[in-house]
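Trainee: Chain by chain, the residues:
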Amino acid sequence: MKLGASFVIGGALFALAIFVGLLAPWLAHTDPVMDANLLNAEEPPSWIWWFGTDAQGRDIYSRVVHGARISLTVGIVSQFVNSVIGVTLGVTAGYWGGWWDDVVNGLTNLMLAIPSLIFALAIMAVLGPGLTSLLIALGLTNWSFTCRIARASTLSLKSQGYVQAARVLGYGDLRIMITQLLPNMLGPIIVIGTLGMGGAVLAEASLSFLGLGIRPPYPSWGSMLSEARDQITTAPWLSIFPGLAIFLTVLGLNLLGDGLRDVLDPQSRSRRT
Amino acid sequence: MTSPPLIEVEDLRIDLDDRSSHVAAVEGVSFRIDRGETFGLVGESGCGKSITALALIGLLRQPLSIGAGAIRFDGREIQGLASAEQRALRGNRIAMIFQEPMTALNPVSPVGRQIAEMFVLHKGKNWREANQLAVEALASVRVPAPERRVKDYPHQLSGGMRQRVMIAIALACGPDLLIADEPTTALDVTVQAEIIELMRNLCAERGTAILMISHDLGLVANVCRRVAVMYAGRIVEERGSADIFRACAHPYTQGLVDSLPRLGSRAALGRTRLQEIAGVVPAIADFPDGCRFNPRCARATEICRTTAPETTLLGAGGLVRCHHHA
Chain S
1 MKLGASFVIG
11 GALFALAIFV
21 GLLAPWLAHT
31 DPVMDANLLN
41 AEEPPSWIWW
51 FGTDAQGRDI
61 YSRVVHGARI
71 SLTVGIVSQF
81 VNSVIGVTLG
91 VTAGYWGGWW
101 DDVVNGLTNL
111 MLAIPSLIFA
121 LAIMAVLGPG
131 LTSLLIALGL
141 TNWSFTCRIA
151 RASTLSLKSQ
161 GYVQAARVLG
171 YGDLRIMITQ
181 LLPNMLGPII
191 VIGTLGMGGA
201 VLAEASLSFL
211 GLGIRPPYPS
221 WGSMLSEARD
231 QITTAPWLSI
241 FPGLAIFLTV
251 LGLNLLGDGL
261 RDVLDPQSRS
271 RRT
Chain F
1 MTSPPLIEVE
11 DLRIDLDDRS
21 SHVAAVEGVS
31 FRIDRGETFG
41 LVGESGCGKS
51 ITALALIGLL
61 RQPLSIGAGA
71 IRFDGREIQG
81 LASAEQRALR
91 GNRIAMIFQE
101 PMTALNPVSP
111 VGRQIAEMFV
121 LHKGKNWREA
131 NQLAVEALAS
141 VRVPAPERRV
151 KDYPHQLSGG
161 MRQRVMIAIA
171 LACGPDLLIA
181 DEPTTALDVT
191 VQAEIIELMR
201 NLCAERGTAI
211 LMISHDLGLV
221 ANVCRRVAVM
231 YAGRIVEERG
241 SADIFRACAH
251 PYTQGLVDSL
261 PRLGSRAALG
271 RTRLQEIAGV
281 VPAIADFPDG
291 CRFNPRCARA
301 TEICRTTAPE
311 TTLLGAGGLV
321 RCHHHA
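Each protein sequence line maps, in turn, to chains S and F. Heads up, the first sequence is in this note's numbering, so the first residue is 1 and it goes up one at a time. Heads up, the second sequence is in this note's numbering, so the first residue is 1 and it goes up one at a time.
Hints may be right or wrong, so weigh each one.
[What the hints assert, rightly or not] Cut-off 20 Å, straight-line C-alpha distance, at most; resulting in silico cross-link-like pairs (EDC-like, lysine to aspartate or glutamate):
(1) S:158 x S:101
(2) S:158 x S:173
(3) S:158 x F:100
(4) F:123 x S:173
(5) F:151 x F:136
(6) F:123 x F:85
[Stated by the list, open to error] Here chain S is said to cover these stretches of chain F; the calculated rule only asks that three of the stretch's residues, wherever they fall, bring their Cβ under 8 Å from a Cβ of chain S:
(7) 83-95
(8) 98-104
(9) 201-209
No wet-lab data here; the hints were simulated from the structure. Since the structure is predicted, the reported quantities are computational estimates derived from the model, not experimental observations. Glycine is no exception: its CB is placed at the ideal position from the N, C-alpha and C atoms.
Based on the sequences and whatever the hints tell you, model everything.
Mentor: Next comes the structure, spelled out in structure tokens:
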């Protein structure tokens, strides 16, 4: 079995991010919030301060490591919610058709027409900043692509012999959706989900940058960038390292998504067996 | 012979509703199948045999619908049943196998699981028991090493093996009626003979009736006790299969019989051209008036072009729909 380079590199980057997030308390040198010491303020990267320190003298390396937890939680949880909503709406709309299909289509078009970041901003403005409202806002605003894919897959799978056969053999609608439709569209759904996770990490960074996501002093990569904005000329390491973390994670997720597309492609799958 | 038939179709009409037009794709179709009987439905593509089968299991979808007539299964009208009751019949008491064994199996699910699903769905078994029963079902259709094969995916099996799996799924719940829609068309001839033999033996053992749908008159006559020939949405002749080659009454049936190549005919008659039926089956939208076979029929007269023939009873339980039957 030969896996593509993008799958391996993307998978490794994503695995690294997960690893860092899970082991953050052990990997970090200092507490990311409490260990402020003005005597160490704005130290450039060195052997003691790997990524340098910020204006309050907090270790950037420790903050980036802890920031992985928040960014990945937001990415994974919100994209999971998006996938569940998108697949449920898409499959039922494609399968039943009729007025329900019209309603779902209208809703999807609406979601696609409003920029999702603006929509998330509006939800955040109502719910207030914080991790929970961030998860809700991003989980409700990015399901439209998944929904489109699920609906289109359902429409084409619906006419397949085995779906017809299942109906003839007495399967109910729900059983057909779960046993016949869903497993056969899992490939594209996972690919879209992986790409969406990268998007959610970026969206969290953007919202936190705008001051509506994670509030200081808690470290998320976006809020760290936001705080570092004023010192970008005097202490560039404040923005470089969280930015690099975002860049590598999103790059990893996008490569993983591309790689998965090849791995899950039924044609390449049948070649392997 | 007074017990009610297993399935009885009476004067069935199936409508095809487009936004612009409204035509009867199948009309005046009546037949009955007794318990354990084998019945064949023969006709060219598009003559309505497959949609008749779909109507039997209550699965006609828009734009097709039952316009008139009745279908009674075990004395109960199928159209009158709630959809949950219909679903409980399907797969459990009426099962079906299809032409394309490749596409009729779910590609991402092991075949054992697909068989086991039937026991879970219709017999209320748990997955442990169902998986055990699946191995037995696979063994009963003579798949070698069934306990290993249950873990295989459809693409790992040959066409003949897949059709065996389909038969195992269809017969899993011990149905009363097996509808076989062109079950061997996609297979090559030697495999075809094995599959037919297997299907016939299993159904005979279990007392399952077979409704076999095919365009192959020879195959159907070989498998079935009685054969009905369909043309353009109507049954034109129904006969015991032993009689159909010896003395068919309808000119269309005669044409079908003549168009079969016979072994040894060249030695007996010299080099002759195989007979064919001139013309093509009319499209559903332009079925001719009167007898629908009249434009292609050598015996057609004026009455054939104006009046649709009624069913005439023949000796030995046969019937024919023709003004000038033999």
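Trainee: Report the numbers of all earlier hints that the structure fails to satisfy, in ascending order.
Mentor: 9
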